[in-house]
Amino acid sequence: MKKLIALIQEKAQPLTGSSQDYDALLDLVGDASFVLLGEASHGTHEFYRERAKITRRLIQEKGFQAVAVEADWPDAYRVNRFVHGTNSNEESIEALGDFKRFPLWMWRNAEVLDFTGWLRDYNETIAKPAKKVSFLGMDLYSLHTSIGAVLNYLAKVDPLAAQRARLRYSCFDHFGSDVQGYGWATGLGISKSCEEEVIKALLDLSQHQARYLSRDGYVAMSEYFSAEQNARLIKNAEHYYRAMFQAEVSSWNLRDTHMVETLEALRVHLKDLKLNPKIVIWAHNSHLGNAGATEMGQRGEINVGHLLRKNYGNQAMLVGLTTYQGTVTAASEWDAPAERKQVRPALLESFEALFHESGISRFFLNLKSNRELEVAFAEPRLERAIGVIYRPETERLSHYFRASLSEQFDAILHFDYTRAVEPLERTTEWEAGEEDAPETYPSGM
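Going by the numbering used here, the first residue of the sequence shown is number 1, and it counts up by one from there.
Don't take every hint at face value.
[As the list claims (entries may be wrong)] Heads up, simulated DSSO-like pairs for lysine-lysine below, C-alpha to C-alpha not over 27 Å straight-line:
id, residue 1, residue 2
1, Lys368, Lys11
2, Lys192, Lys62
3, Lys128, Lys62
4, Lys200, Lys368
5, Lys100, Lys128
I should point out that these hints are in silico values taken from the structure, not numbers from a laboratory.
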């Protein structure tokens, strides 16, 4: 352990808050097409803030054209219209208004508000609409919202196709908005699935692509691309909800495969627009680190990082973000109110504890910069993952897994003491969490 700590102290580059903090990271990125910026929780201020800082530099200095986030496509697409200036009457906070599903704080928070405002201002300096940077979602939970988006698009460009699609999607009507009820009934064979109908709807849309794209250039391309992505999402979400109740199919694998399909479709779309097909990705470490280097991979699970590394090699740069202790915005159970919770000091046998023992409060560590470092951090240790739910009382079981860090990530950003991300809607439970903050908050010194 002392040898590992000494290696960290020798190789880590402290983050001081200067404009040069991420020079080494941008050098590591080189000409990569995908930069995956993770997070060890869905509710940490520093993770959102630093990802935004890095992303601004990737856009300005490396020509990245899109930010893809762990959010539903139609919800994020309202933000995309805002940053492109096509819904000019909205303010940044209004553009986040379609994020209505739990957990609200994941995208309706102060850091995302600031970043989307910056992106709108940045895009206003770009004269050609097609060259503006996009903000898009890649998750698949929005089945009914995506159905509405496809029908709205078709109603404008092809009313007869809209009628056909409405009939096909009516297959879900019996279950209302209860998508898990649909998955349960169809997965167990109690009710007929809508699989055939949603595939037909996607094929129908694709077959008329040329006619829909003949309308008005860039706007037509963007709106068709969004409609097609929603139709693909509906197809994949239908499969996902059925798979939740079928032990032989991993719903996790279906979800991350959908994310990668979305990224690859976006890459093709950017190339069609004659743009750099370069994408920054924001999601949890568990999605963006190479699953093959973790317990997930041993269980047969794949993820975005694994698939992009397999398909694109070093064109995908995987960066993990970690913390040792502090506070986090999370819930105690699904659909429960947001709370500001204390994050316990990391377990002694974890990577986070090693980073803490280095005595460097914030640093960048290139895990590929030194063979000795790479080999040392390939040795499996515990790693913490906090999602939208945090249960400190069962932390070892609920929030830790074993991983080979240098095989999971190319680089690590560590922030020893972190604080909870600030939701735009503060619950009484979140406000009450301030009373539990230690006297040294937020410095942790």
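For each hint, the structure was consulted:
no.	hint	result
1	Lys368 to Lys11	holds (11 Å)
2	Lys192 to Lys62	violated (49 Å)
3	Lys128 to Lys62	holds (18 Å)
4	Lys200 to Lys368	violated (46 Å)
5	Lys100 to Lys128	violated (32 Å)
Violated hints, listed in ascending order, are 2, 4, 5; each of the other numbered hints is respected by the structure.
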